[in-house]
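Trainee: Make the complex out of the two chains shown on their own, each in a separate frame, by following the hints.
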Amino acid sequence: MPTTSPSSTPADGTGADGTSSAAGSRAADGTSTPVLSVKDLEVAYRTGKDSRVRALRGVSFDLHPHSSLALVGESGCGKTTLGLALLRLLPALGEITGGSITFTGDDGRAREVTDMTASQLRRWRWSEAAMVFQGAQNAFNPVLTVGAQMADTLRDHAPGRIRRKEILERSAEVLRSVRLEPRRVLGSYPHELSGGMKQRALIATGLLMRPRLLVLDEPTTALDILTQRTVIDLLAELREEFGFAMIFISHDLALAAELADRVVTMYAGTVVETGSTADIFSSPRHPYTSKLINAVPPVRGDLAELASIPGAPPSLATLPPGCAFAPRCELATDECRTAEPPLIPLTERPRDMTHAAACIHHDQVHHERKVIARA
Amino acid sequence: MPETTGSTAPLIELDTVSQVFHAKGQDLPAVSGVSLSVDEGEVLCLVGESGSGKTTTARLAAGLAAPTGGAVRFRGKDLQSMTRAERHEYRRAVQYIHQDPYASLNPIRSVRSTLSIPLRKHGLAHSAAEVEQRVDELLTTVDLTPAESYRSKFPHQLSGGQRQRVSVARGLTLNPKLLIADESTSMLDVSIRVSLLNMFTRLRKEEGVGFIYITHDLALAKYFAWEGRTAVMYLGKIVEVGPTPQIIANPQHPYTRALLDAVPEPDPELAALKKPGGGLLSAEIPSLAALPSGCAFHPRCPLAQDRCRTSSPQLKPAPGAEQDVACMVVTDPASSEASA
Numbered sequence: 039m040p041t042t043s044p045s046s047t048p049a050d051g052t053g054a055d056g057t058s059s060a061a062g063s064r065a066a067d068g069t070s071t072p073v074l075s076v077k078d079l080e081v082a083y084r085t086g087k088d089s090r091v092r093a094l095r096g097v098s099f100d101l102h103p104h105s106s107l108a109l110v111g112e113s114g115c116g117k118t119t120l121g122l123a124l125l126r127l128l129p130a131l132g133e134i135t136g137g138s139i140t141f142t143g144d145d146g147r148a149r150e151v152t153d154m155t156a157s158q159l160r161r162w163r164w165s166e167a168a169m170v171f172q173g174a175q176n177a178f179n180p181v182l183t184v185g186a187q188m189a190d191t192l193r194d195h196a197p198g199r200i201r202r203k204e205i206l207e208r209s210a211e212v213l214r215s216v217r218l219e220p221r222r223v224l225g226s227y228p229h230e231l232s233g234g235m236k237q238r239a240l241i242a243t244g245l246l247m248r249p250r251l252l253v254l255d256e257p258t259t260a261l262d263i264l265t266q267r268t269v270i271d272l273l274a275e276l277r278e279e280f281g282f283a284m285i286f287i288s289h290d291l292a293l294a295a296e297l298a299d300r301v302v303t304m305y306a307g308t309v310v311e312t313g314s315t316a317d318i319f320s321s322p323r324h325p326y327t328s329k330l331i332n333a334v335p336p337v338r339g340d341l342a343e344l345a346s347i348p349g350a351p352p353s354l355a356t357l358p359p360g361c362a363f364a365p366r367c368e369l370a371t372d373e374c375r376t377a378e379p380p381l382i383p384l385t386e387r388p389r390d391m392t393h394a395a396a397c398i399h400h401d402q403v404h405h406e407r408k409v410i411a412r413a
Numbered sequence: 059m060p061e062t063t064g065s066t067a068p069l070i071e072l073d074t075v076s077q078v079f080h081a082k083g084q085d086l087p088a089v090s091g092v093s094l095s096v097d098e099g100e101v102l103c104l105v106g107e108s109g110s111g112k113t114t115t116a117r118l119a120a121g122l123a124a125p126t127g128g129a130v131r132f133r134g135k136d137l138q139s140m141t142r143a144e145r146h147e148y149r150r151a152v153q154y155i156h157q158d159p160y161a162s163l164n165p166i167r168s169v170r171s172t173l174s175i176p177l178r179k180h181g182l183a184h185s186a187a188e189v190e191q192r193v194d195e196l197l198t199t200v201d202l203t204p205a206e207s208y209r210s211k212f213p214h215q216l217s218g219g220q221r222q223r224v225s226v227a228r229g230l231t232l233n234p235k236l237l238i239a240d241e242s243t244s245m246l247d248v249s250i251r252v253s254l255l256n257m258f259t260r261l262r263k264e265e266g267v268g269f270i271y272i273t274h275d276l277a278l279a280k281y282f283a284w285e286g287r288t289a290v291m292y293l294g295k296i297v298e299v300g301p302t303p304q305i306i307a308n309p310q311h312p313y314t315r316a317l318l319d320a321v322p323e324p325d326p327e328l329a330a331l332k333k334p335g336g337g338l339l340s341a342e343i344p345s346l347a348a349l350p351s352g353c354a355f356h357p358r359c360p361l362a363q364d365r366c367r368t369s370s371p372q373l374k375p376a377p378g379a380e381q382d383v384a385c386m387v388v389t390d391p392a393s394s395e396a397s398a
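Top line first, the protein sequences correspond to chains A and B. Start counting at 1 in the first sequence, then tack on 38, and there's your number in my numbering. Start counting at 1 in the second sequence, then tack on 58, and there's your number in my numbering.
Since the hints were derived computationally from the structure, they do not count as laboratory data.
Covered stretches of chain A, as calculated for chain B (at least 3 residues, CB under 8 Å): (1) 283-297; (2) 311-319; (3) 339-345.
Here the structure is a predicted model, which means the values were calculated and not measured. C-beta atoms are modelled at their ideal positions from N, C-alpha and C, and glycine is treated no differently.
So here's chain B without its partners, still in its complex pose (with noise of 0.2 Å):
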């Protein structure tokens, strides 16, 4: 339905962006020169613990922080310099999910208030029963179905899975070309939480719809991204990206392996295959405001050489594997000696 303006470009793409935060009289690099693409039916998952700069990341994505540095395109087109009716258009095509379902619905409006406020906004339903029908296609999408029991509810009246497909479906109101869904946050029970992947899956593969997913757990990154891409994020800087299978038999950064061993396998003969050693030196992340030198992993990390304590890695194509990956001592391991 939109008209496409570069012909090959992804539909949304970060190019090198920065954030920087300033508090308290300090500047905290959120986010420092992260690139990445996602193209309409793809999935990218942002894989990492808190304060890596993946929910960072994704709101820039989602337009609702300007970077500091670097540009976000959509469809080719830098969101800073778009005209209205082009923002407008971006607007629509990007939604975010957000996802505590306790914080995100508005108490006082019934489900198919929240859904008919944005349909009547953006013009894609007139009269009354024109709403009313894209209402229960919208609730009958995310499987609250028979639509007519869920329509008059207010959020106090529903769970907080039904919650949750509220809040996706008011994002599918506008036909998007692009969910981004933070679930970094989410304390959802397992059963709903899975729902909402194979939810998402069919969206994807059925309306082409492209998906940023945001966690800290590596299993659900397999499970949702398995056709796409992950990338794990530490310290506002993306470590490792590639093909989600190759991350995840294949991990080259050690940062990747450690969030890896850390899930817990639903499986005791699965956790006992674990390999012993892949752990930190420290539980503790570093704080922004005070950034270690080098590579900021250096300090917990198991393979740490003198070098990487003064000369921070770029991400390169680790060898023998099909992913990048920004560690000195995974992409150049001859010189590890000639620095001292």
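This is chain A alone, in the form it adopts within the complex (with noise of 0.2 Å):
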């Protein structure tokens, strides 16, 4: 069930798509037009020749311009998939089969991303929504210098025909803004560069055309912690500098409480909580997302005990019935095993900030750190 913005009513899945006119998209962050709006979307991937798996099942959400969601779960509960899907970009056996994400440019046009032709897709990504690929040392092609893969970004998706010297000065100033130095940069290789530059240099690509979304997934994992903190500062001054609408993908809840407005929890394939950061931290409904929460150790404070969470993710192919969690769940009753409960909204918040979370046993989630130590 998914949650939609003016009223954060839950809605049933009519109305809010009649597709918003250009009026108010332009207001500021109170009401406005959500940059994409995404309802009841189903990945499937092949997986034989009659065989499929359905990746993702009825994901719903909202983002407005300027806010920052954060996608977090375990390996394979489908955030990249997610990301991937919502800028088209699944690999071959990879199919939207169902469900809607609807985009809102600066125009306040709204227009359907899953409709959309081959060409119109190449004219709308990296000008209006890009994407940071996780595994920043391998987004790069080797061969060609960070200045060649910039300029193709800009040949590609510019509109009409582009000069040497603007594609140098937009390049410079992207770098400048990650605080890359553009000439030792644009001339490099990719493997001249360490971790942490490749990574800011990969985001300044992901600016070029200072679109109004931009989609990270993974973007600090593999660096080192005195880089990854360099990303995280960098990530919400940027979103400040360039005002865009930004969704990152992380296994690790630390960078969602530091980054994010708003947390999405994902559980195979779908959204089993949802609501504004400071709700998700402070007082989690969903088991999982407790959960996920207690696996990661703060540094500051008392020594708390951490928990990890029993089993493993199921397999897409073999989804238990009813909650997919109940396998791993102390809560789970036999009414958790016959019927996949929706997403219940728990507390009223404006702009589509209403916390959520599919868990019939909500009121059972005592989310607390167990002190073993006191610093």
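Mentor: Structure representation (structure tokens):
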């Protein structure tokens, strides 16, 4: 069950899709039209001649201009699939089998991403919606300089012909925004840059066309802690400077706590909890989110016990009946094993920040860190 | 079980060890004059960014490389002058757990085969039944239960977390006294990481296994080594070492402070407690091939003074703290004006 924006009432799949008019889209944060509105999105991967697995099941959320949303969950829960599906970048075996992705650009025109043709996609991607892929180490082509790859992006996506001088100017400008020295980086091959510099150059490439939406997949994984910090602080500043809306995918809840306005927890291809960062961290109401938070050690304060989540996420090909998390959940009852719970709205908040959890035992989730030693 | 030689000698001791690599005609001092020791049931965390020398230090302790200076001793015996039998004993007692579960298991060996080879080679199990029983015990220890559903699996049939556990089980086959675990390159899910650390703590407390744990994340060091020590390394040297709670609550070296400030908190309220201004002057670690003069940290240090550019600091007790620190500004604040 999706929660839709302006009045934050749980929608029953009606009305909200009436494609917004130009009016209001430029309004300040308050009551703006979402940049991205995802409704009941379904994605399947072909696994054989006649077999498919459902990788995403009924995913819905809205993303407002200038806001920042974290997609969290363990490996295999569908985070990356969702990120790729949003930009229609799924691998050949993957396919959007249902639902809608509505993008509203600066002009206030709502467009259906799932209906875009190849040439429309080409114009839309990078200029209005960009993605920073997982694994900074491998995302650049190793035999081209960073400057050449940035120039390619500009030539492919900028409207009309673009002059060499402008390419250089625009590349240098975004590199300076991510605190890189354009002179050094433009002429360098990827292997000549450190991991942190590569990640920043990738983010700069994503920002070349000043997109309204930036999707980042695990932007800090495999980076050193100090480099991670640089990238986290940089993303917060760039969001101010460039004014994009951001979706970032991470298995580390700590990153969400620092960067996101809103958190969406995914499990087995579906949304199990969503809410403002403050609500999610102070009182998670899905046992899965609570356990994810308690698996990350805080460095400040007392020494708290950490607990792992028993078992592993289910295979998408053989989902258990009912709630997919039930086999790993100590609150699970027979009822959980028969019907999959819908997202239940818990706390009404404005601007699509309503806290909702897909758990019939949400009132029994008591989130706390057990202190084992005082600092 | 193993006969102890020196009764007071630590299980493993690194005595001013150095490791200089040679590449492209240059000397790269990856580790310089590092001293530390770990006993049975103890835990030591090595913390630092890539290039700090923590992995090289761990490899020296594991005997995977010979130091170019100093000595590594196992129960007081220098690794370089061991007899065959002593070396055999050391090899059994100290195990290195490679933390890339995708590269460290032989893809064409089943779990049973991976675990039974060291058992047979070291004569710890003879009959097929004995081997089977020991394999099952090992799988149970690492929480791969029921064991019979994992024995015949091949690595590609296991998840990343399960492979990691098989890796640990292999490290445990020979009843080691010290496990060296390198997490610095790991990209494991948070829940898998925690379950491994909790398993390690159980092994330490119940079986008296000692640990050297390598990470770049002080939050993990805090959790795993609260009852032990943490050594922070920078460009091949220990810059701060002491009881973990003190390192976390009362860091002395500006580099330790920067590492602490960098850790993202899984709690917006704790994140707000962060003190501003712990930042470094530069995000990039210098190259070992061109080490800065004096204190190697000075180009990035917010506290650097003129004397830091010329003389290098020694590891000394920090005034009013329980740890040792290699920073003149901290240990000799009085002489700061004297040198210009």
